[in-house]
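Two chains, two frames, a set of hints: combine them into the complex.
In the order they appear, the protein sequences are chains A and B.
If you read the first sequence in the working numbering, its first letter stands for residue 197, the second for the next number, and so on.
If you read the second sequence in the working numbering, its first letter stands for residue 87, the second for the next number, and so on.
Everything labelled a hint here was simulated from the structure, so no lab data went into it.
Just so you know, even glycine gets a beta-carbon here, dropped at the ideal spot from N, CA and C.
Careful, some of the hints might be misleading.
Stated by the list, open to error - Computed Cβ-Cβ distance ranges for the label pairs, DEER-style: (1) A:G260 / B:E182: 23 to 31 angstroms; (2) B:K164 / A:D252: 21 to 29 angstroms; (3) A:G240 / B:T180: 17 to 25 angstroms; (4) A:Q245 / B:K164: 17 to 25 angstroms; (5) B:V141 / A:R223: 26 to 34 angstroms; (6) B:P143 / A:E261: 17 to 25 angstroms; (7) B:D88 / A:I271: 36 to 44 angstroms; (8) A:D225 / B:K133: 33 to 41 angstroms; (9) A:A264 / B:E147: 12 to 20 angstroms; (10) A:D274 / B:D88: 46 to 54 angstroms; (11) A:K273 / B:Q116: 38 to 46 angstroms.
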Amino acid sequence: MAMDAALIESLIREGIPDAEVRIEDLRGDGDHYAAYVESAAFKGKTRVQQHKMVYDALQGRMGGELHALALQTSIPKDA
Amino acid sequence: MDNSVAERIKSDIESNDVVLYMKGTPVFPQCGFSSAVVQVLTHLGVKFKGIDVLVDPSLREGIKSFSSWPTIPQLYVKGEFVGGCDIVREMYQTGELMEMLSSKGVDVQVKA
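So here's chain B without its partners, still in its complex pose (with noise of 0.2 angstroms):
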């Protein structure tokens, strides 16, 4: 991988609390997968930096490497990698995701 990109997502995932490397654009996802997590988000309330690999295919090989994680989306929170869909999905329904959010000083503000 160019050190540039990693050096790009380590600084993307630090200056933002919550971000999700993903296909298409939070208000126009371009997979059911990526759709899935920013559903999730917003349903949860929480502030996001949405980041589209599409747009740039370094980026999209880069954070697959930067992770050791073979698929997008991938959702980073306070630097540190959570998962992919099928991750973010299930801690969502368990609570887990909520809990694991407001302990690290994530806001989180549930729609109804």
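Chain A extracted, bound-state conformation (with noise of 0.2 angstroms):
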């Protein structure tokens, strides 16, 4: 069950262009991870549209392949 956080990254990335995207491994198994996410795209979006956009990103990993994936999604205070 378990993903590369370079994957998660990846995939983050080709979803959202322009994001800044920060992985953690939280407990170091490679199954439980923290992601940040910045990106402009979000503004004018809820928080629930926001997490969606990265879930969207994720190709339907998220909730099952990705069990424990703690997002944070923000806005760059420029945009």
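Here it is, written out as structure tokens:
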């Protein structure tokens, strides 16, 4: 069930091209991650919509292969 | 999704102000994310109905497609999807959660 951090990062970047992505492996087990995603594309969107954009970028892996991804989204200050 | 599952979700979120779809029960959460949301709601003194998706596979999949949201827990307030654990936690920390609950007429009594 484990997933590589680099793959998570590249999928998010692919889906949200301008995104700044930072992934933390919370337990060092390749299964519990935190993702911080900053993108101007989140502007004007609710948190639910922002998180959904990231889940969409993960192409169905969220909730399946990727069980534990704590997600935090933000908008760049100058956006 | 089976229509009867959608009907059941609809009736649960319409007849209860605050509903949490979770893994395990409020007393015995079976997952850290579910547990975190229970803690927030308990701390705010909010009465909520916890629904254990682990005892019903059709509900476990059904709630995901009902909300178009891939993960559990899922919090509903007055029939409206609020978000999962990360969103609830963030809204709690910024005070938005309390504000939203009060504005929707849900009783909040913060425990000291």
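Out of the numbered hints, which ones does the structure contradict? Hint check: nothing fails, all pass.
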